[in-house]
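Undergrad: Residue numbers (my numbering), protein chains in the order written: chain P, 1 to 109; chain R, 1001 to 1113.
Hints listed in this document are in silico derivations from the structure and should not be mistaken for laboratory results.
Small disclaimer: the values here were computed from a predicted structure and weren't measured.
Incorrect hints may have been included.
Claimed, not checked - Some chain R residues close to chain P (C-beta under 10 angstroms, calculated; not the full set):
no., residue
1, G1002
2, K1009
3, F1012
4, Y1033
5, K1083
Positions of the beta carbon are idealized from the N, C-alpha and C atoms, including for glycine.
These are the residues of each chain, in order.
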Amino acid sequence: KNEVEQSPQNLTAQEGEFITINCSYSVGISALHWLQQHPGGGIVSLFMLSSGKKKHGRLIATINIQEKHSSLHITASHPRDSAVYICAVEGGSQGNLIFGKGTKLSVKP
Amino acid sequence: DGGITQSPKYLFRKEGQNVTLSCEQNLNHDAMYWYRQDPGQGLRLIYYSQIVNDFQKGDIAEGYSVSREKKESFPLTVTSAQKNPTAFYLCASRRGGWGTEAFFGQGTRLTVV
Chain P
1 KNEVEQSPQN LTAQEGEFIT INCSYSVGIS ALHWLQQHPG GGIVSLFMLS SGKKKHGRLI
61 ATINIQEKHS SLHITASHPR DSAVYICAVE GGSQGNLIFG KGTKLSVKP
Chain R
1001 DGGITQSPKY LFRKEGQNVT LSCEQNLNHD AMYWYRQDPG QGLRLIYYSQ IVNDFQKGDI
1061 AEGYSVSREK KESFPLTVTS AQKNPTAFYL CASRRGGWGT EAFFGQGTRL TVV
């Protein structure tokens, strides 16, 4: 069983829709990261959180440490949001990241 | 602007040849990491380094080697011993360990023919 599970694997939405991507993990962690990977392959860090909720523009990330679950929300989605969203947790022996397989989001105009 | 530079973006090599992937950062980060990404799989850790002249094996280190002679540089060599080297390779760095933001390069897509 993977230590970090994301759902859904693939998601297609219409422009303007509210989107939720989920991440569940099975290890004890100190922090969780949400990352965005565009088709070219480069990865950008969106959020790092260890409790509660963070917001940046149209993106919102929440985490529930007791339930070992995090969600990434995108409000008023736009085609430029199309990317792979990756959840990663700090569970390694020296703060190494353990990655989920990613959620591929496609937003249609 | 600070960041991580990986080069080249695309690399082709013949089977049996060693190849070195470059990763340079000007963020003054102590920790650097190499990951491999295969279709349908999460990023997997190859090697990491927390400090100059020291590095540790990750989950899939077999067939790879690294060096960390300078803080800014963490090159990865894919040796001929790596059974399935064709993949997308990502370099990352962090200021420290726990609870610090990770920065990623643009990746190198290696194809071995």
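Undergrad: Against each hint, give a clear statement of whether it holds in the structure.
TA: Checked hints:
no.: 1; hint: G1002; verdict: 13 angstroms, violated
no.: 2; hint: K1009; verdict: 8 angstroms, holds
no.: 3; hint: F1012; verdict: 16 angstroms, violated
no.: 4; hint: Y1033; verdict: 7 angstroms, holds
no.: 5; hint: K1083; verdict: 22 angstroms, violated
In this structure, the hints that do not hold are numbers 1, 3 and 5, in rising order.
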